[in-house]
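Residue numbers (this note's numbering), protein chains in the order written: chain H, 1 to 374; chain V, 1 to 374; chain Y, 1 to 374; chain A, 1 to 374.
Worth flagging that the hints you see were computed from the coordinates, not collected in a lab. Do not take every clue at face value.
Note that the list lumps identical chains together, so a pair holds whenever it fits in one copy or between two copies.
With a straight-line cut-off of 27 Å between C-alpha atoms, the simulated DSS-like cross-links for lysine-lysine are [stated by the list, open to error]:
1) K305 <-> K11
2) K305 <-> K227
3) K356 <-> K307
4) K307 <-> K270
5) K37 <-> K215
6) K226 <-> K305
7) K70 <-> K215
8) K142 <-> K270
9) K48 <-> K177
10) K48 <-> K37
11) K305 <-> K215
12) K70 <-> K95
13) K142 <-> K305
14) K270 <-> K37
15) K356 <-> K227
16) K226 <-> K37
17) K305 <-> K95
18) K37 <-> K353
19) K270 <-> K48
20) K93 <-> K37
21) K215 <-> K270
22) K93 <-> K215
23) K363 <-> K215
24) K356 <-> K177
Number of protein chains: 4
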Amino acid sequence: MSVRVALFGTKFMGKAHSQAYRSVNMFFPEAPRVEMKVIVGRDPEQTKEAANAYGWEEASTDWRAVMHRKDIDLVDICTPGDWHDPMVLEAAKAKKHIVCEKPLGNTLEEAMRMAAAVSEAGVRHFLMHNYRRVPAVTLAKKLIDEGRLGRIFHFRARYLQDWAMSPELQMLWRFDKNLAGSGALGDLGSHIIDLAHYLCDDITEVSSAMATYIKERPAVPGSEEKKPVTVDDAVVMCVRFANGALGTLEATRFALGRKNHNAFEINGSKGSLSFDLENLNNLDFLSADDNDDVEGFRRIIACSKGKHPYADHWWADGHILGYEHSFTHSVNDFLTALASGGEVHPDFEDGLKNQKVLHAVEKASRSGRWEQVV
Amino acid sequence: MSVRVALFGTKFMGKAHSQAYRSVNMFFPEAPRVEMKVIVGRDPEQTKEAANAYGWEEASTDWRAVMHRKDIDLVDICTPGDWHDPMVLEAAKAKKHIVCEKPLGNTLEEAMRMAAAVSEAGVRHFLMHNYRRVPAVTLAKKLIDEGRLGRIFHFRARYLQDWAMSPELQMLWRFDKNLAGSGALGDLGSHIIDLAHYLCDDITEVSSAMATYIKERPAVPGSEEKKPVTVDDAVVMCVRFANGALGTLEATRFALGRKNHNAFEINGSKGSLSFDLENLNNLDFLSADDNDDVEGFRRIIACSKGKHPYADHWWADGHILGYEHSFTHSVNDFLTALASGGEVHPDFEDGLKNQKVLHAVEKASRSGRWEQVV
Amino acid sequence: MSVRVALFGTKFMGKAHSQAYRSVNMFFPEAPRVEMKVIVGRDPEQTKEAANAYGWEEASTDWRAVMHRKDIDLVDICTPGDWHDPMVLEAAKAKKHIVCEKPLGNTLEEAMRMAAAVSEAGVRHFLMHNYRRVPAVTLAKKLIDEGRLGRIFHFRARYLQDWAMSPELQMLWRFDKNLAGSGALGDLGSHIIDLAHYLCDDITEVSSAMATYIKERPAVPGSEEKKPVTVDDAVVMCVRFANGALGTLEATRFALGRKNHNAFEINGSKGSLSFDLENLNNLDFLSADDNDDVEGFRRIIACSKGKHPYADHWWADGHILGYEHSFTHSVNDFLTALASGGEVHPDFEDGLKNQKVLHAVEKASRSGRWEQVV
Amino acid sequence: MSVRVALFGTKFMGKAHSQAYRSVNMFFPEAPRVEMKVIVGRDPEQTKEAANAYGWEEASTDWRAVMHRKDIDLVDICTPGDWHDPMVLEAAKAKKHIVCEKPLGNTLEEAMRMAAAVSEAGVRHFLMHNYRRVPAVTLAKKLIDEGRLGRIFHFRARYLQDWAMSPELQMLWRFDKNLAGSGALGDLGSHIIDLAHYLCDDITEVSSAMATYIKERPAVPGSEEKKPVTVDDAVVMCVRFANGALGTLEATRFALGRKNHNAFEINGSKGSLSFDLENLNNLDFLSADDNDDVEGFRRIIACSKGKHPYADHWWADGHILGYEHSFTHSVNDFLTALASGGEVHPDFEDGLKNQKVLHAVEKASRSGRWEQVV
């Protein structure tokens, strides 16, 4: 089987997804064969360069036309959030399978519309919460599913970055609610909400507070003209899970020195887990089955062949993987599911569930109350 | 100057405070000379043994009589929480200086009454939040006060233990609201609230959720008879600080593998700090003043002479201190303030402020709303 | 400029180098354009599969013929050690530029012959000690070259693995002195010797001991027939450097739980550095320039744009890299040097110097004396 | 039973041993009762102050007279190394039990003479290698004795400090071979040699190199007059053990940023261990019995009641201990052995064995050969 791909977006995510499509057949030879047909961007010159550099056969600036090309099976959307809705709707209309960057929409309404559209169209859909497929995280899921944590009491997660702390940093699309939907919440918070859903259970209720520490920013670098920041720089949440666990979640762009610190800890009746994306090959696990005298958090280097998810496809034991490999794993699993017809998550339904939490968090931050996720 | 001490309580805290009084003059020869006059307990035999082992001149079971002895200057209360109020009131009446274990009271009303009593009596008072005087924490305070963190955006803290996880563990005073006031909240949460006040700012508003995972416990070990647990096993909080910072705080006795994990991280505009009581000699500090190419959290071993708080009084550089030393430092600082008439914190006013937060947290957990700390 | 490459070897290293050639133009668009012409292996079927999977235009089993093809500029040798010598000599004869896996030869004589051959042929040569181009290691070099460590007193390194510990593991080429030259010494020790040369100075004198813990192994998996292991499982060394520093080096395949633990620490008069390949994005650095009260090893996450080597070519700050990226960096730097005519290291002269140390280590282990590196 | 103690030396070790004698009966009530009779120093005023501060009944400057006092059972020698020999010989003559600081002597001859003297006198003797009784180290020993490491292949240890790096630091007794015997070797190296003997096996053969980086130092602080440093600043060793294991050992006072970094790693066929004195409550242990998918070094917090050595005598689980507690444990174990007549190590025989290694290391550093330990 061969899958012909069109990718929309040439920047950070466009590059990361491209690398996944380039690499998947080399490391996962059983996956369907990828044909990298066309990359779509706004600027003709830049898009052509991206096509050359990343290995796409063609470059295009006409996104709508590409959506309807007959030689395309799969559409991958890596644009800012405000483009997800129109593109997904068009792709569904064209009966293409869809990969979309997270969060699914900029609003709950958009997310509901997109989830409905793909369902009605009968196409396959996948939301790129790539961190589920960091091997250490996939291993965490395995341990939990096998009951090795027992009943879960606590899920605590934080996603900390610091790139937005300078007041001199200019207005970007990520600071504009119309383009990005929200700030740290949607960008970072949606990732840890996805991990909470994946590893713990559905979030049923939330309380929160949000802050915007820098209220306006230069319109362009160095300019005197200021534009208002309309999203959150930081958000804190307490959450309740369907299984009775309590959670604390936090996402911020104002944690000096934390570059990509997406960290969680889970405490269960039989085991505990701890993870940090800045050392993404490690998973710390404590088991109540340990002999009493040697109980402790063990640091697993989650890349040993025959032991750890995806490891058989890469290098020798302990030869660690990087950030980008989570995209390769995601693309492999989605392509494989396309071929087999099997299930694959997170899909747009998972994305919609996530968006309901994002929605409830914003609501709770305004109401000053715990809000149900509905 | 010499200070004659009576100590109330023979168990964990009684032993820890005793070790502080035994040691303080050896390591802090400038401190007033301690006379360990009398230890008071309920069981005559056990109290006598404690007196012998810990080095008290006498043992007594008559707490009220001891309070009024003329040869006592300082009263130290290490009993369960329900005894703080009557003992403090009696000690104030007797015009004794008072050291008291935390939290100050089992209720806000008690705490207010105690704070008023010591104030009216004109005696000195000190609340044993000993973690302020772990050298790494004192160093953190110094860095903050010197402006090396800049404006603080985030304070996140967790105090995780796991000793209460077995359903076979019997009913203890710590599980009884009448005796303990609250569970993880007062026992552990009050410590991190104190650190939040010490290191960040006043907490002005809280949201929270509490859980009791094991609802009843054997009346005595192994018994079929069960008694209801009337306190929380775990509590999660979002908080707002007077300085605009956002906080997440969590205290639990159900975090498998975490023994005494009292950890905080603070993110400011110029620096970040991270600490964990399980490695209490370390403080991790990141400074925006670092050269760009070597920015990173540096692990300070906070026991070098001439560099770190209290270090001149102990061993050679890097020869680490333990849990108990925080009590010795606390006792030294309080005794020194007694002699000099200088200020010393945390006192009962700090304890009252802490209790107001505990009160608001319980209220918020019932109301489902953010609650003001008043 | 375009460089036409032939690669020899289809296994672990063949795959790793292939990934580098596939990726270099995407992430380093300024590098000469790579044409992946042909991959050469012993098994026709397997080689064809490798060509398809890795992206080589052709597969071949005739290594000598490929060496002389006119449409090849660069030859990359990823075979077991016993093939380096004949292949390098042939490639030099054919006036091809050469990349070769480490160590350069199986014996000092081979290494001398190869170094002489490339020098006489006037071709460019590069030895794949890829760890020099792990960004954290390149950063270490930069700090040292800028004088931020001052005079170096100590270099200690260990390369620990555990894959050879099972007596049931069969005889492999890596256990056969005729094929591999040596065991842990050449495989792992040569890497840390290269880092010692790169980061500290020339090794002038060595003392050592070697051990073979498992003396014979099954001829094939599960077989009763045994074959003698003729290489070392482990080697320990004390070394002296030209700059007066003292070193301890150790390489072993018998360190249970250590998968790819290539770790070093360097202590100088102004700074210290510590690194571990199992967390290859981190470099720990302590500077005597730190303020006294916050001196400590800081953990640098060595992948921030504008701050760290190679980082501008990859993802966002703190989005970590993996093992394979060191090959991409190596290939980029060699290709760039080809284009510019500039210097690039490690070359075969560096490889020869390394081999002299390997030779002295084996000699010292037999003589029981310190031996000069000559 | 009661033991009447005289202690010789008032400085760092005198204070540390004093604290042990002060504390042992409080935390180990089963131990014989200590009577702190007299402390002996050179300066009358200073010795009196020490007596007061540390809790000794008397102060004396007449060491020889005190040795022969009838009311003394146990003599504890905390002086510089050159005083060990005359004091031990006198104490043995007086039939006192003896605790002595390490290393036993300044020369092999002295150590042999002292070991013979105590043996002939029939008194009990103990060498204060206190690190054996850091609970995590005692736990390591237990795991090894129970076979949980299997056959040991590797022992690597380093003891790194940095206090001697400033050329302005004046001449101290520790820099004078006549007073100290050797430098980093005897001061730090003897500790890791003791741990090697304790945890691995007898060292049978050594190779080494020593360096003195600063050859002369100010006679007194700030003075122009210089005195020659006659000891080593650093020493590196390769060693062979009786059980076939290979070792690397290193001791230095020139490892910038390392304050008290006494660290070892042991690799066996069934398990590996790692320890660092700067976090002395932790022991890292990897077991081959772990499930394959969760194998990893687990970080044990070695202070949980019912699980770890000495923990029952201290605070609650995870309430960590410090440097000084190792002395309290040592004193308890020696006093207990005095009372019971049972064995206790390390004694002077262990000290003599250690001294033979020190001797062989110095010899090897001069000869440039591997030297037998005889």
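Exercise for review: Hints the structure violates: just list their numbers, smallest first.
Suggested key: Structure breaks hints 3, 5, 7, 9, 14, 15, 16, 17, 18, 19, 22.
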